[in-house]
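Participant: What follows is the residue order along each chain.
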Amino acid sequence: MTRTLPPEALTGPADGTPPGTPDAATSPASRPGLFRRAIAPLLVLAGIAAWAVSLPEVDTATRSDYGLLGMVGPLFYAGLALICVGFVAELADRRRFLVLAAGVVGLVLVLDGTVPVLYPMPEYAWTFKHIGVVEYFLQGHGVTDPRDIYQQWPALFTAVAAVADLTGVSTLTLATWAPLFFSLIACVPMYAIARHLSGDRRVAFLTVFLFHAGLWVGTSYLSPQAFAFQLSLGIYLVVVAWLRRTPTAWRRGPRWLRAVKAWSVRGAEEVPATTRRARGRALVALYVVTFALTVSHQLSPYIVVAGLVLITVLGLVQPRWAVVGVLVIAAAYLAPRLEFINSAYGLLDSLKFWENAGGVVTATSGTPGQVFTSQVSSLLALGVWLLGAAAAVSSWRRPGRVLLPAALAFAPFLILAGQSYGGEAIYRVYLFSLPFTAFLIAQAALRLRWRKVVLPLLALFLVGASLASIQGLHGTLAWTTFPRNEVQATQWLYENGEKGRMIVVGAQNGPGRLSGDYNDFGVRSSGGDPDLIGNAFLSGRMLDESALAEVDAFMATQGERPYLLISTGQIEYTKYYGLLPDGSLQALERTLADAPGWTTVHRTADAVVFQYVGTGQ
Amino acid sequence: MSTTTAVREDPAPPVVSDRSTRRLVAATGLATAVLSSAAVLADAPSWLRLVTVLAFVCAGPGAAVLVHVPVTRPSTTWALTNVLSLAVWAIGTAVMAWLNDWSPTVLLLGLAAATVVSVAVAWARTRRAAR
Chain A
550 MTRTLPPEAL TGPADGTPPG TPDAATSPAS RPGLFRRAIA PLLVLAGIAA
600 WAVSLPEVDT ATRSDYGLLG MVGPLFYAGL ALICVGFVAE LADRRRFLVL
650 AAGVVGLVLV LDGTVPVLYP MPEYAWTFKH IGVVEYFLQG HGVTDPRDIY
700 QQWPALFTAV AAVADLTGVS TLTLATWAPL FFSLIACVPM YAIARHLSGD
750 RRVAFLTVFL FHAGLWVGTS YLSPQAFAFQ LSLGIYLVVV AWLRRTPTAW
800 RRGPRWLRAV KAWSVRGAEE VPATTRRARG RALVALYVVT FALTVSHQLS
850 PYIVVAGLVL ITVLGLVQPR WAVVGVLVIA AAYLAPRLEF INSAYGLLDS
900 LKFWENAGGV VTATSGTPGQ VFTSQVSSLL ALGVWLLGAA AAVSSWRRPG
950 RVLLPAALAF APFLILAGQS YGGEAIYRVY LFSLPFTAFL IAQAALRLRW
1000 RKVVLPLLAL FLVGASLASI QGLHGTLAWT TFPRNEVQAT QWLYENGEKG
1050 RMIVVGAQNG PGRLSGDYND FGVRSSGGDP DLIGNAFLSG RMLDESALAE
1100 VDAFMATQGE RPYLLISTGQ IEYTKYYGLL PDGSLQALER TLADAPGWTT
1150 VHRTADAVVF QYVGTGQ
Chain B
139 MSTTTAVRED PAPPVVSDRS TRRLVAATGL ATAVLSSAAV LADAPSWLRL
189 VTVLAFVCAG PGAAVLVHVP VTRPSTTWAL TNVLSLAVWA IGTAVMAWLN
239 DWSPTVLLLG LAAATVVSVA VAWARTRRAA R
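Protein sequences, first through last, are from chains A and B. According to our numbering, the first sequence is numbered sequentially starting from 550. According to our numbering, the second sequence is numbered sequentially starting from 139.
Next comes chain B alone, as it looks inside the complex:
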């Protein structure tokens, strides 16, 4: 091997996020919404609630938005899913503190319901477009 050649570069032009990424994001949003709500309502063991709630906080609300948005790269889709989820969760909990009405279970269930509805709408739209 020559010692004078530069390290090979990836031939990767900009691409548009494929449907499978959005399907995966939708499934993630749906799964985290359902599982976290179920775990909290069923008063599951603490570790299970931690895993599911944290997963929802990190991916749920963002997934509800990103399933409707064509994004140029899968990494962008996942990153924004995470950042938007955290942002929405932070704003939601801060609003509770400003209103002096602390009810995180209501917030979780509300956001989870919104996520499920959003994912369902996105799926229905995709099915209509495919027909």
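So that you can see chain A by itself, here it is in the shape it has in the complex:
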């Protein structure tokens, strides 16, 4: 039987506890002593304090192959451990909203606040490409280039440009702090979704904590996907809050299918019915957010559609046609851009699931730090997915209670059937799968008996996962952060360089295309600039005088008077992945300083800009 909740009839405290329910944790008879009440918040606060105190000790002038964890001191580790232990202690005992929220915020600060505090420039080369697009709109331009993929999906860039315009804060500063911003706001809808799926507040908090502890993929930097993820969570929330229905067995179809369906809904909890009016409002909200999502990012709408189609087929959504509207919005926006996307990037490029599941970088011939980071990240992803699968399987007697989160946890894999997204699809799959995988793990972990064993193990797991996550996110810090000098050299080039010239880079890592005039240089409407390794085929070569003729020959193919930019970020990148012998780019820099046909046009401590004028002049 379903029941309709009368509006305003069941008011209660903001934490969701029903009115009049005595809180066992605070009733006078069971009120614990001061120490027990204070221990968890003190642990969390001590953890945050230890983290904050550890930061000034970090020497950002040095670089480590092991990234952030190779640079921080013991206080940083102690801080992270205290936050995790304090959070679990609160879960186990008093489960106060503020203390649990402080634990989550503390973890996010450690994961996404550390780098912005330590470094003045944004992390990751891709961030700078996005900054260029924001700057473009900030200059007052409209969408003018039908072959510029960023302009064709402009919402994140225009949204940030408007904030920068109104506040006067530089795009570089906004980008530096974007990871912390996006990670913090993602907690809110994720918590709300988990609260709808479980009546237990602790499950919701553990879900959010696990999500961050397991998110080793750098997706919260200033990017369309970070913004799209927040909107996607909103879509899932609308569906879970208003468009969910209690799954029922099928009356038609083959007997075996009906048997499977009957088994799959066993244990499903009754979903309170919603009124037609409420569903109507929900559908409007769903389509508005879907439209914002569609104009923000190319891939995310289809990952969401995959999840919605699956749960609709499983009979968990009403009305069933709700997903059709989502698909129509996504497809209608894509249709006029289909030819461009297909020709430039390849749509349904390959239909090879396993190839599409491969990551961006597959080389393992880099430094020991690179191999370590790669292995730790893979282990964490595999561990989280296996635990999520185990948690889902553990409900095999009553699969109905995990049907929806399990479907949404594993539906993102469907996208791998048709897209590699430049090798990044697997990371998006992990991102979209993680909230629901985390929910499955959280629900199962808090249902386990033997709490004296389970809870310490949980704390240990959270510490380990958080460390692995930091290694995945910031293990590449040696080359994903850029000195101010390097950023300024690139800015100088865009401001003072001859428009229309090609910019060649030593390697594909640097703060490139960070100006609103990015299309005035290099290949118009492309995602990057040509480099000596991938485009000139000089991988593995010592670029000293012996390679000068080949460098000259390549530069001669790059139009008139092209620029060559060599920087610290490129040197660290090639070293990390073993793409060039040590000292190779430095040797090239020395060679070009006196080489005929080359002019040094700008030099800072961390970057040199050369211009190739040709040996014939």
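No lab work stands behind these hints: they were computed from the structure. There may be inaccurate statements among the hints.
Simulated restraints on C-beta separations [as the list claims (entries may be wrong)]: (1) B:268 / A:931: 49 to 59 Å; (2) B:248 / A:998: 48 to 58 Å; (3) A:646 / B:180: 33 to 43 Å; (4) A:693 / B:176: 48 to 58 Å; (5) A:794 / B:255: 30 to 40 Å; (6) A:890 / B:268: 31 to 41 Å; (7) A:694 / B:265: 44 to 54 Å.
If you want the ones that stay clear, here's a sample from chain A, every Cβ over 12 Å from chain B, calculated [as the list claims (entries may be wrong)]: (8) 606; (9) 861; (10) 1010; (11) 1016.
Quick partial rundown of chain A residues pointing at chain B, CB under 7 Å, derived from the structure [said to hold, decoys possible]: (12) 624; (13) 711; (14) 716; (15) 737; (16) 738; (17) 830.
In this text, a Cβ means the ideal position worked out from N, Cα and C, and glycines have one as well.
Using the hints, position chain B against chain A.
Facilitator: Chain B alone, transformed into the frame defined by chain A:
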């Protein structure tokens, strides 16, 4: 304490968002709309404009909608306030770019005015219902 007992669960059945949540959402929408507009019009210091404008972008337009919608949980109300706000802001700025008419101040003031009107209507409706 027994080592064989499962961790205690929250006895929390579905509840309907109380009026205080909606009042708080309305106040948030109103405050962020007024403060961000004032900060931008008065050309306040950059940090103040950042705080107020970001708060409006994250909560203002969504609050204008959620004050009219009964929601089952406070966390849902706040989450949708945020997501709808971001969605409306993103669509609004994208429309400016498509129309090649870049005027974020007009967008901010327009959305802020709409938020104030929406909150006022919701409050008036609540007062009428209470009488």
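Participant: Does the CB of residue 738 of chain A sit less than 7 Å away from some CB of chain B?
Facilitator: holds (4 Å)
Participant: Is the interface hint satisfied for residue 716 of chain A? The criterion is a beta-carbon contact with chain B at less than 7 Å.
Facilitator: holds (4 Å)
Participant: Hint residue 624 of chain A vs chain B: min CB-CB distance below 7 Å?
Facilitator: Violated - the Cβ of residue 624 of chain A stays beyond 7 Å from chain B, reaching only about 29 Å at its closest.
Participant: For residue 268 of chain B and residue 931 of chain A, compare the CB-CB distance with the range 49 to 59 Å and indicate the outcome.
Facilitator: Roughly 57 Å apart at Cβ, these two residues keep to the hinted range, so it holds.
Participant: Kindly confirm whether 48 to 58 Å is satisfied by the beta carbon distance between residue 248 of chain B and residue 998 of chain A.
Facilitator: holds (57 Å)
Participant: Does the Cβ pair residue 694 of chain A, residue 265 of chain B satisfy 44 to 54 Å?
Facilitator: About 52 Å separates the Cβ atoms of residue 694 of chain A and residue 265 of chain B, which means 44 to 54 Å holds.
Participant: Once the shortest beta carbon distance from residue 737 of chain A to chain B is found, is it less than 7 Å?
Facilitator: holds (5 Å)
Participant: That 48 to 58 Å hint for residue 693 of chain A and residue 176 of chain B (C-beta), does it hold up?
Facilitator: violated (34 Å)
Participant: Please check whether residue 646 of chain A and residue 180 of chain B have a Cβ separation lying inside 33 to 43 Å.
Facilitator: Given a distance of about 36 Å, which is inside 33 to 43 Å, the answer is holds.
Participant: Beyond 12 Å from every Cβ of chain B: is that where the Cβ of residue 1016 of chain A lies?
Facilitator: holds (25 Å)
Participant: Go through the hint on residue 711 of chain A and say holds or violated, using the shortest Cβ distance to chain B against 7 Å.
Facilitator: It holds, given that the least Cβ distance between residue 711 of chain A and chain B is near 4 Å, below 7 Å.
Participant: Once the closest CB in chain B is found, is it more than 12 Å from residue 861 of chain A?
Facilitator: holds (21 Å)
Comparing the model with each earlier hint shows violations of hints 4, 6 and 12; every other hint is respected.
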